[in-house]
Amino acid sequence: MKGARAITYCRDGALRIFGVYNSSLGKIPFAVKVRLEGDVPDGPVDVANPPEVVESALTRAERGAMAQINAEEMKLGAADIVERARAGDQVAMATLQLVGQESQKGNSRAKRAHKLLSSYIKKNPPPAVSFGREGVRPLDRTNVALNASFAKSLAAADMSDWAAGIITFLPIMQWAGIVRLSHGPTLKDEHHQAIATLLGRKSGLYDYAVANAHSPKALTGATSKKARQTVYLGYAIGTAMRLQDVRRPNSRISDFDQTTGWELGE
Amino acid sequence: MLPVLIIGGVVLATGCAAIAKSSRDRKRAVMTSERRAIYDAAMTTLKDADKLRSLADAFESVGLSEQADMLQKRADLRELPDDIKEGRREAFRAMMRNTDPSYVNRVASAFEAAGAVSAAANGRLYAAGLSADSPENVQKAIDDLAKTNLKAETRELAVSNLRQLLPKAE
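Going line by line, the protein sequences match chains A and B.
First residue of the first sequence? That's 1464 in the numbering used here, and the numbers climb one at a time after it.
First residue of the second sequence? That's 6 in the numbering used here, and the numbers climb one at a time after it.
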């Protein structure tokens, strides 16, 4: 899918796509699950050369993903117009007025847009403004959506879904994602296994990066974009593990950071 | 280990002489770029208490009392009673467990005031990750990180990580 960063895999007789779409209004997370006809082994799917048995399911899944993206893009568009109008943008104000007029005339597209605009305004009433605090901006909606999707991924009970969420969102959430991941369940072999399964043959590079997360300089050799992404993923998971380790009672702080350990008398 | 020893030796050998070198600067208690480099290197790499004290005296002699005080505190870190050292280690672990960025930043400031600048920098970096949920907070976290004493490579990595969270320019 053009403009999207996604991971496609089979699990328990279903094809799943998990990803983030780069729209002009920001990043839009999406997740689709389509039942498969016949017996298909679990594992990642090469979307450039999909096995025959998943081809039709892949088409349906991509269509489903696009539908989710379009719906979300319209919501973001509505939010954008409302916020611009609140900020005094005359064009946005005129657009709102036009949508209202056309909706009353029965225009179906305008009625749909009106519903989305009303829903956004109801959920996000204008902030109470007091003198001296006019400059306070509302939370960025794209980040709110990403945070919510990432939190949902972290809580996924199924290991493959968890791994797919991590592979998709961690490179976007970056440092905030690493810190949040470190507050999730203790990262164990089963977590690495789930990620390694979805990464396929790149998992050796991932394991290396996990083991060398304390030394970012050792991780700068990857040349291709895919290798860099895999190395970053390993670094991120390794760093989250180091954060989890240092929190344990009687942990050796020098293992987390040598200089800090020295400062604290180790 | 060897580079640390070499850096430590170079810092001390050149540091004391360089700090006191200019009589004009001595009178004005100026934190020149040269003095700043020596101070930063000593605070992040020098681990010999005697050498840290010598540098503290040199900074004091040119009127830079604040820096001298920090170097002295850093020299004292390793000579604290065992129970205080253990208490500080537990405070560090508790800071890294906490999910309230303002609390983490307060503890980091306390570490900084005690001369434990690396512990403080790690706390600030962690707090930045906790609070980086909106563009305003990400920008604030980047600004805060620029003020910390993290190792350059760690700081650059953390700042570039945080920049990725900022929305793209139109």
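Careful, some of the hints might be misleading.
What the hints assert, rightly or not - Pair ranges (Cβ atoms, derived):
1) B:59 to A:1691: 42 to 48 Å
2) A:1683 to B:111: 33 to 39 Å
3) B:92 to A:1653: 23 to 29 Å
4) A:1684 to B:99: 47 to 53 Å
5) A:1691 to B:102: 52 to 58 Å
6) A:1586 to B:37: 39 to 45 Å
7) B:91 to A:1684: 50 to 56 Å
8) B:87 to A:1656: 37 to 43 Å
9) B:54 to A:1715: 20 to 26 Å
10) A:1656 to B:37: 53 to 59 Å
11) A:1567 to B:102: 21 to 27 Å
12) B:102 to A:1653: 43 to 49 Å
13) B:111 to A:1718: 24 to 30 Å
Stated by the list, open to error - Just some of the chain B residues that point at chain A, by a computed CB distance under 8 Å:
14) 78
15) 82
16) 83
17) 85
18) 93
19) 102
20) 104
21) 111
22) 114
23) 115
24) 121
25) 123
What the hints assert, rightly or not - Residues of chain A clear of chain B, computed beta-carbon distances all greater than 10 Å:
26) 1476
27) 1639
28) 1727
Treat the hints as calculated values from the structure; they're not laboratory data.
No residue lacks a Cβ here, since even glycine has one placed at the ideal position from N, Cα and C.
Here is what the structure says about each hint:
1. As the Cβ distance of residue 59 of chain B to residue 1691 of chain A is approximately 45 Å, the hint placing it in 42 to 48 Å holds.
2. The hint said 33 to 39 Å for the Cβ distance between residue 1683 of chain A and residue 111 of chain B, and at roughly 35 Å that hint holds.
3. Distance hint check: the CB atoms of residue 92 of chain B and residue 1653 of chain A are about 36 Å apart, inconsistent with the given range 23 to 29 Å.
4. Checked against the hint of 47 to 53 Å, the pair residue 1684 of chain A and residue 99 of chain B fails, with Cβ atoms roughly 37 Å apart.
5. The hint said 52 to 58 Å for the Cβ distance between residue 1691 of chain A and residue 102 of chain B, and at roughly 32 Å that hint is violated.
6. About 56 Å separates the C-beta atoms of residue 1586 of chain A and residue 37 of chain B, a value inconsistent with the hinted range of 39 to 45 Å.
7. The hinted range of 50 to 56 Å is not satisfied by residue 91 of chain B and residue 1684 of chain A, whose Cβ atoms lie roughly 40 Å apart.
8. A C-beta distance of roughly 42 Å is found between residue 87 of chain B and residue 1656 of chain A, which places it inside the suggested range of 37 to 43 Å.
9. One distance hint, 20 to 26 Å for the beta-carbon pair residue 54 of chain B and residue 1715 of chain A, holds here, with the actual separation near 22 Å.
10. A beta carbon spacing of about 55 Å between residue 1656 of chain A and residue 37 of chain B agrees with the range 53 to 59 Å that was offered as a hint.
11. As the Cβ distance of residue 1567 of chain A to residue 102 of chain B is approximately 56 Å, the hint placing it in 21 to 27 Å is violated.
12. Between residue 102 of chain B and residue 1653 of chain A the beta carbon distance is about 23 Å. The supplied range of 43 to 49 Å is therefore violated.
13. For the hinted restraint 24 to 30 Å between residue 111 of chain B and residue 1718 of chain A, the CB-CB distance of approximately 25 Å keeps it satisfied.
14. Annotation: residue 78 of chain B was flagged as interfacial toward chain A, and the flag is violated, the nearest CB pair being 10 Å apart, outside 8 Å.
15. This hint holds: residue 82 of chain B has a C-beta 5 Å from the nearest C-beta of chain A, less than the 8 Å allowed.
16. With a cut of 8 Å, the hint placing residue 83 of chain B at the interface with chain A holds, because the nearest CB-to-CB distance is about 6 Å.
17. Because the smallest distance between the Cβ of residue 85 of chain B and any Cβ of chain A comes to about 7 Å, under 8 Å, the interface hint for this residue holds.
18. This hint holds: residue 93 of chain B has a C-beta 5 Å from the nearest C-beta of chain A, less than the 8 Å allowed.
19. The beta carbon of residue 102 of chain B comes within 5 Å of a beta carbon in chain A, closer than 8 Å, and the hint placing it at the interface holds.
20. Taking 8 Å as the C-beta contact cut-off toward chain A, the hint placing residue 104 of chain B at the interface holds, the least distance being around 6 Å.
21. With 8 Å as the threshold, the beta carbon of residue 111 of chain B stays out of range of chain A, its nearest partner Cβ sitting at about 18 Å, so the hint is violated.
22. Violation of the interface hint for residue 114 of chain B is found here, the shortest Cβ-Cβ separation to chain A being roughly 15 Å, above the 8 Å cut-off.
23. A distance limit of 8 Å between C-beta atoms decides the matter here; for residue 115 of chain B the minimum to chain A is near 13 Å, and the interface restraint is violated.
24. At about 4 Å, the closest approach between the beta carbon of residue 121 of chain B and any beta carbon in chain A falls short of 8 Å, and the interface hint on this residue holds.
25. Here the hint on residue 123 of chain B is kept, as its CB sits about 4 Å from the closest CB of chain A, short of 8 Å.
26. Distance to chain B confirms residue 1476 of chain A as a non-interface residue, since its nearest Cβ pair spans about 36 Å, more than 10 Å.
27. Listed as outside the interface, residue 1639 of chain A is inconsistent with that label: its C-beta sits roughly 4 Å from the nearest C-beta of chain B, within the 10 Å cut-off.
28. Residue 1727 of chain A, annotated as away from the interface, has a beta carbon of chain B within 10 Å; the closest lies near 5 Å.
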